[in-house]
Amino acid sequence: MTLMAEPSSTGRFGEFGGRFVPETLVPACQELEEAFRDAWDDPVFRAELAEVLREYAGRPSIITECHNLGRQLGIRLVLKREDLNHTGSHKINNVLGQTLLAKRMGKKRIVAETGAGQHGVASATAAALFGLECKVYMGAVDVERQALNVFRMKLLGSEVEAVHSGSRTLKDAVNEAMRDWVATVESTHYCLGSVMGPHPYPWMVRQFHRVIGDEANAQMRERYGADPDVVVACVGGGSNAMGIFSGFVDTDARLIGVEPAGGAAVGRGVPGVVHGMRSYLMQDEYGQVQEAHSISAGLDYPGVGPEHSYLASIGRAEYPTVTDAEVIEGFQLLARTEGIIPALECAHALAWISREAPTMQGKTVLMNLSGRGDKDVAQMMDILG
Amino acid sequence: MTDAFGVMETAFRAKRAAGRKLLVPYITGGLPGWEHAVRAAVAAGADAIEIGIPFSDPVMDGPVIQEASQKALDAGATPVSILQQARELEVGVPLAVMTYYNTVHHAGHHRFAEQLAAAGICAAIVPDLPLEESGPWCEAADASNIETVMLAAPTAPDERLPRVCARARGFVYSVGLLGVTGERTALAATATALALRLKAITEVPVLVGVGVSNAEQAREAVQVADGVVQGASVVRRLLEGGAEAVGEYVASVRDAIDA
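Order-wise, the sequence lines are chains A and B.
Residues in the first sequence are numbered consecutively from 1, following this note's numbering.
Residues in the second sequence are numbered consecutively from 386, following this note's numbering.
Just so you know, these hints were derived from the structure itself, not from any lab.
Hints should not be assumed to be uniformly reliable.
Stated by the list, open to error - Listed next, with one range per pair, are the computed distances between beta-carbon atoms:
#, chain 1, residue 1, chain 2, residue 2, range
1, A, M381, B, S637, 52 to 62 angstroms
2, B, E473, A, A162, 38 to 48 angstroms
3, B, A551, A, A183, 23 to 33 angstroms
4, A, D42, B, G626, 25 to 35 angstroms
5, A, R46, B, R548, 29 to 39 angstroms
6, A, E161, B, R548, 28 to 38 angstroms
7, A, A140, B, G626, 24 to 34 angstroms
8, A, P43, B, R548, 33 to 43 angstroms
9, A, A140, B, S466, 28 to 38 angstroms
Everything numeric in this text was worked out from a predicted model, so none of it was measured.
Cβ coordinates follow ideal geometry from the N, Cα and C atoms, glycine included.
My request is simple: use the sequences and hints to build the entire structure.
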């Protein structure tokens, strides 16, 4: 029995999760749950998904040992290279799964939210591949700081709408995508980009990403004959972390999900309900959701997937934070020592590893490099001038 | 559960029996001058008032109510301040609150229900709390004699509607269309279709809301339903013209549904 099993019939991981959506969306969530169960148990669907992951996304992704940085830090540092997937991040795993499912359900259109633009680009890509109409909601602040990805989505034939409400970042993009879905639910699938939202999304998205952990587990055993001592990933909503954790949750490895100091849902949050789920949430004394602040658009989210809240509550995973300054250091560190430019999101994981290396001497540390940094180069040019 | 109906449902059933159609304007609590708007709406013939307690992430609301919520929050409105002001209203019609579930969850179910009761509120509408998740709140609300209005959506299959109606207190909120709150040029066909389906299975008053945008559409809706909730059309007038504009508009809707 794995620790990361199916949630309860009400979509709960312990006391977290659930399905807190307007009545209009309840039948759609039920239909989606049923369709996902059916597809996941269907060898034909699984074979179709495996094929498109292999021949379109480029899976399996390799693992890379960082000899230079590892020596410098006194650890064995291994990267799971999700940055090498088509579209440049892990997001494509989930999107290919959900779009195949949407087609199977007879939907003609998908909507998606995006923060850094990686999930938006992946959604636009899959929509182009499978002939679906696609609209991506993106906070106006993020549209500005990720202009390249906005253009990419348009190039792929998707419509991008800048969201001007609230904090004008990821949380508000989710609100707007949900409002769209409430109005278009009969023809549209909401292609949610992380392990969050109402049941079945947290579970379904984790299942679509568990290929990361399953591959990495086999690769580590083959290469080193042992499990890693520590598994590290950055956490916004938490999908790349869930993906890699799922391959190691039943081993002795420490699981570390690194949050930005300005978006520490687990670290600073108390349980709350937003975006369809009960989970740790940054909120004020009256339950108003607070704005997250992070250098990385992809982690600028005040909540976290409910299964992370569960793993935190039972002490199975730890959720430390790093500052923006540490992240900027981490970003440059990997570029200079290994010739790999990481996404700013992943630079959070690097920042933690670099800071905590003295306590992990001689240990094997596996980090999920969930995306490449091309999209962040313009922003870093401004910062590093 | 007791057999007796709550304050709002008792009033609504009596008015319905007397042949009156029910009119419930929505007003965003905490907007500067909102209490004046409540008084104006009641003077113009409202049968109850739905007071919005603003939330940072209102996923069921369109641009007008989003803007009003943000303005109220910017003006420093909190659930506590709005309920304090509501207690002073004494307008002689039942008061309901509409808020999102995190406001309830954060306060705690029993504490929030008690706060509502202490402020003289009869009922609560929580649009992101569907039937399956509503148990703990409904239990607390029942214990404090707060009537929980359930929403019924056009997407609900036939087997779901009786379960929604069975849990509804005060009235059943028949969602007029697929979409969020806001004004539309015409009443959606789904509005009357769902109201008809509900009227066929329940004795609880059925009010249509979301997308009932003017007096003419309200009149159309009450050909089938027991009444209407008026949200964005009221709030837009409050934002643009203040309490007086709200009073004039509510009076025009009253005339239309009485005709």
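Here's how the hints hold up against the structure:
no. : hint                                  : verdict
1   : M381/A <-> S637/B: 52 to 62 angstroms : holds, 58 angstroms
2   : E473/B <-> A162/A: 38 to 48 angstroms : holds, 42 angstroms
3   : A551/B <-> A183/A: 23 to 33 angstroms : holds, 28 angstroms
4   : D42/A <-> G626/B: 25 to 35 angstroms  : violated, 58 angstroms
5   : R46/A <-> R548/B: 29 to 39 angstroms  : holds, 35 angstroms
6   : E161/A <-> R548/B: 28 to 38 angstroms : holds, 36 angstroms
7   : A140/A <-> G626/B: 24 to 34 angstroms : holds, 29 angstroms
8   : P43/A <-> R548/B: 33 to 43 angstroms  : holds, 36 angstroms
9   : A140/A <-> S466/B: 28 to 38 angstroms : holds, 30 angstroms
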